[in-house]
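K.L.:
Spelled out from the first residue to the last, the chains are:
2 protein chains.
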Amino acid sequence: MGRVLRVNLSEGRVRIEDLPSEDVLRKWVGGRGLGVYYMLKEVNPRVDPLSPENKAIVATGPLTGVTGIPSSGRWCSVTKSPLTNTIHDSHSGGKFGPELKFAGFDMVIVEGASEKPVYLWIYDGKAELRDAKHLWGKDTHSTTDMIREELAPVVGSDEAREIKVACIGPAGENLVRIACIINDKNRAAGRGGHGAVWGSKKLKAIAVRGHMKPRVANEERLEEVALKSMDIIKKSPVTSQTLPKYGTAALVNVINAHGIFPTRNFRTGVFPEASMISGERIADEIMDWKMAEEEVCWGCEIKCARYTRLVKPPFTGEGGGPEYETVWALGADTGTSDLYAVTKANYLCNELGLDTISMGATIATLMELVSLGKVPKEKLRGLKVEWGNGEALVELTWRTAYRSGIGDDLAEGAARLAKKYGAPEIAMVVRNQELPAYDPRGAQGHGLAYATSNRGGCHLRAYMIAPEVIGIPQLLNRFETKGKAAWVKEFQDVFAALDSLVVCKFVSFAYWADVLAEQLSAVTGWNVTADEFRKIGERIYNAERVFNILAFGDGEEYDTLPKRLLEEPMPEGPAKGHVVKLSEMLPEYYSVRGWVRGRPTRAKLEELDLKWLADRLEKEGLLPA
Amino acid sequence: MGRVLRVNLSEGRVRIEDLPSEDVLRKWVGGRGLGVYYMLKEVNPRVDPLSPENKAIVATGPLTGVTGIPSSGRWCSVTKSPLTNTIHDSHSGGKFGPELKFAGFDMVIVEGASEKPVYLWIYDGKAELRDAKHLWGKDTHSTTDMIREELAPVVGSDEAREIKVACIGPAGENLVRIACIINDKNRAAGRGGHGAVWGSKKLKAIAVRGHMKPRVANEERLEEVALKSMDIIKKSPVTSQTLPKYGTAALVNVINAHGIFPTRNFRTGVFPEASMISGERIADEIMDWKMAEEEVCWGCEIKCARYTRLVKPPFTGEGGGPEYETVWALGADTGTSDLYAVTKANYLCNELGLDTISMGATIATLMELVSLGKVPKEKLRGLKVEWGNGEALVELTWRTAYRSGIGDDLAEGAARLAKKYGAPEIAMVVRNQELPAYDPRGAQGHGLAYATSNRGGCHLRAYMIAPEVIGIPQLLNRFETKGKAAWVKEFQDVFAALDSLVVCKFVSFAYWADVLAEQLSAVTGWNVTADEFRKIGERIYNAERVFNILAFGDGEEYDTLPKRLLEEPMPEGPAKGHVVKLSEMLPEYYSVRGWVRGRPTRAKLEELDLKWLADRLEKEGLLPA
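In order, the protein sequences belong to chains A and B.
Residues in the first sequence are numbered consecutively from 1, following this note's numbering.
Residues in the second sequence are numbered consecutively from 1001, following this note's numbering.
The following block holds chain A by itself, in its conformation from the complex (with noise of 0.2 Å):
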């Protein structure tokens, strides 16, 4: 049996207490599904995301730091969101996840609220509280340092390095709402300020340090699944060769090729100097191959992983990235085509604990909103908030950090702060979470993942590019409509389990629910099928939006685009004169979903064995007739 440390930051206390019945995991697994599970089971939707009474959950899954299952070297975060006040998850690499895992546990539960900054040591089956007065104020790579040198004496000086450590930047600190969590430095459980959360409960950091080995069932059926896994990767042309060699920002090319990389704040799906941040100009002119070795997430053989090196002023730096997402947010979006200055901010986030697409997103949205003249001109202390000037990404990922001047607005994210100056309808967000680097004006089922996505605008939870650009696993007409909304579900799904093993999205390249299901029965030594896992998903899934309809009424009036992409078609390219069609798929995906108006109706829930969802649901009146 597993176990939980439950961390009660009020009273100052640890507790290791079991994970639940084997009948229970079965229905939710891990990571994301069982994090859900305990939200639902603990926290009141309603509560405001950043009181005490909200909890933070770190959570692994059963395939977590299990050697020869393909890229499960990372974990997951578990909160109701301060950005979307969703339920929310955020998964992030790197080597933290597995070494929570060997440090002997498989989930954190962090309850209540400490006065006094604190961080979490984790140490072969132990665990304590630490005053982390000296760290408040830190930014992540000064935290992790100095973790790493104070708990130097307790497991000697040679292991120190090894102690894995994340943390919250100043943002985090300073509740900024797309705060992010970093561990081993530049990695991000980026989306929706989970740094926040940890900043509103006076938590800095997590570290960890283990030499425990997780639990396998089935060692002789793990090999023949492991085997088979890495093998299926190593044949596939994005795991085995796109990936390692350029990176996510492989994207840049083909997503702009498709005219549906958008630009300025949308308003196009075409960015001419698209090659200027692309995967390939990072990995000829700024990648450092030797230190990119080094950030590579636990046994992980697609090794994506960037590290790169400026040193042309007036950008220097090094660290970790760019990815795909942040030279489209940082880059594209906001108009600028300096590889330096992307990347320079794209250091600042990791520092700073700020998610790079959030923060590029919400830099867009004030760049639109000056050019509309909609912002006093002393808000702006003369800083050339305009499309393109890099020096912009820069200084105001500092003012948001800190709230600085302009950047107390940033900080609230690109919804909030279009509302604030009386242009709600440019924020380019789904449940006020900024939207990621696809057009879905191109990419109609695209589209319906953005607004049907249960933690908001997201790639993460349905990525339909795979089937309607890269053709993975096969392709479809991506201005079609019809059909779209079976296909966005099952990625819901599968996805929703994936995100519960825990494992990496990019397997999902190589295969899918099927070889999940074998990795998941060999390491747990339940017989799962395939259907079994995208059960567990779609339970999963409907229970957040149970957890959401619970917490501020969501349904089919949330389940939308921005007037943009509804309204306005795309003036140029490949996808000139398209918008999302989103009212032909919605109603279609009600109906592959058994939701009625965007909410899961009685039968649907029983179905899913979430009988006592579908009881709390009615006893508020939020059932569906």
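The reader is advised that the hints may include incorrect statements.
In silico lysine-lysine, DSS-like type, Cα no more than 27 Å apart, as pairs [what the hints assert, rightly or not]: (1) Lys1185/B with Lys377/A; (2) Lys185/A with Lys1384/B; (3) Lys1185/B with Lys420/A; (4) Lys379/A with Lys1133/B; (5) Lys185/A with Lys1420/B; (6) Lys1290/B with Lys379/A; (7) Lys384/A with Lys1384/B; (8) Lys611/A with Lys41/A; (9) Lys419/A with Lys563/A; (10) Lys1290/B with Lys377/A; (11) Lys1379/B with Lys312/A; (12) Lys133/A with Lys1420/B; (13) Lys1312/B with Lys374/A; (14) Lys133/A with Lys1202/B; (15) Lys1374/B with Lys185/A; (16) Lys303/A with Lys1377/B; (17) Lys202/A with Lys1133/B; (18) Lys1377/B with Lys1419/B; (19) Lys1312/B with Lys312/A; (20) Lys133/A with Lys1116/B.
Don't read these hints as lab results, they were simulated from the structure.
Place chain B on chain A using the hints.
P.N.:
Same frame as chain A, now just chain B:
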């Protein structure tokens, strides 16, 4: 009789009391002098400057805000400095000083420390402490705006913009030892880390507004001396032409032409690109004359204020400055000729609350440390900390204010930085305070002034550049050492008295002790002669030295200069081959001062009516035999 506002932050109480008796006032006058008097009476000189036992004094002088007295729009902060451990006064212009007087107070004495952030609101003779939780973390511009906004209902919204605010930025909050106090958004009580003292007391700001009129004993006599003073100012080319036209940075080309413009941390005195950061270029290229008019200090006719605007990326913005010392420290001293980067860093110093001289000089120190291979590479995170890199200025300013990464070391100032990285000798400091913009190897008297400055490296205790370079009141041979001691003493004494009036030192380019004594007499009704005026200054200078002796055993061993200035001949230019021949001047200086080994004798102290200080020194065994 004037009034003192005593604010006890530990108790959260304010109390109004009278100024000391006229007898005491005539000895100490106001501002700096009276500040030192209170500090000696009330504060143990050995106290930790950042402890509640230190006090922070905000003072005007008898001439502050008196209509007709030229350049009387200043105020002065007195405290024990966390940078130098000496008694320290720091002065600032703008409009805050007169407003404090119009609000009914000559002086504010802040003692103790608050548990929670507060600000002090002074309005027409009344005062209260107000919660500043929402202001904590805010930059100085936001703080000013927010205070004005929240007090608008009190003073009326038309008058809210007339509220004058002195405050600290994040640097002060973070106890940065080179943090300043900023008033009127762009004016700094810059040197000595007074901002950190406020930060340690959790005093975010002092806001003032008033409608009272300063006392004037003899209106007729005032009118007479006012006309006379103004006449002299209008006849002086420095105060009537150079300063209004080119600001203080008019000095750049002059000082560089003399080969004493310290370049790359004083490695040479010639900066070939000086004209790029000159007052002329500022005036031609980035001045906003209309805004500069608003920035002029209360009642000043010299109008040296700069307000500039940068519209060319990568460095854009607008704000007050840059001054001569700033373009030097952030420019030549770091080898940077990029006026835009320098000015941008200046804006950030103002907003974040950092002393531009110390900031630039500390960055220059880091650059030299890096060039010497003293700083581990990973400390810099790839930032190109190299002579001339403008980005480094900007980024390191942010990092210093927030103690992020290497900024945590920069925040300690040049002396502690250089010591930490194993090269204390390269810190260009006196008593741990960074030297300003004149290389004394080509101005011997100025070197003596640095060495004997009792607030640490400073050009404002004795500005020997006036006689040694500018020729005011007469041109001295700058390479000569003989006779300079008396000049330095004269400057130190007159400036100490002038700092107690409180007026701007720029009037000293036009008139001297006689006129100042007349001004003081007109306002107070005393009959102060030029000699009495000098004596007041001498008393203050000696009292300050006594404070320092009691604080850390100040004396001859501290009256020195960095090795570079004493032993390394200037390598090039008009001052080539020279070092500072301090040992030739110091004995003469001690002799004219009546000091022995850097400490006043009983005879000298008694001559200055400071028997009580002689007694204190004797009691502690610190009185020279």
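K.L.:
Run every hint past the structure and note whether it holds.
P.N.:
Going through the hints against the structure:
no.	hint	result
1	Lys1185/B with Lys377/A	17 Å, holds
2	Lys185/A with Lys1384/B	20 Å, holds
3	Lys1185/B with Lys420/A	25 Å, holds
4	Lys379/A with Lys1133/B	22 Å, holds
5	Lys185/A with Lys1420/B	25 Å, holds
6	Lys1290/B with Lys379/A	19 Å, holds
7	Lys384/A with Lys1384/B	24 Å, holds
8	Lys611/A with Lys41/A	14 Å, holds
9	Lys419/A with Lys563/A	14 Å, holds
10	Lys1290/B with Lys377/A	16 Å, holds
11	Lys1379/B with Lys312/A	19 Å, holds
12	Lys133/A with Lys1420/B	23 Å, holds
13	Lys1312/B with Lys374/A	22 Å, holds
14	Lys133/A with Lys1202/B	17 Å, holds
15	Lys1374/B with Lys185/A	24 Å, holds
16	Lys303/A with Lys1377/B	26 Å, holds
17	Lys202/A with Lys1133/B	16 Å, holds
18	Lys1377/B with Lys1419/B	18 Å, holds
19	Lys1312/B with Lys312/A	19 Å, holds
20	Lys133/A with Lys1116/B	16 Å, holds
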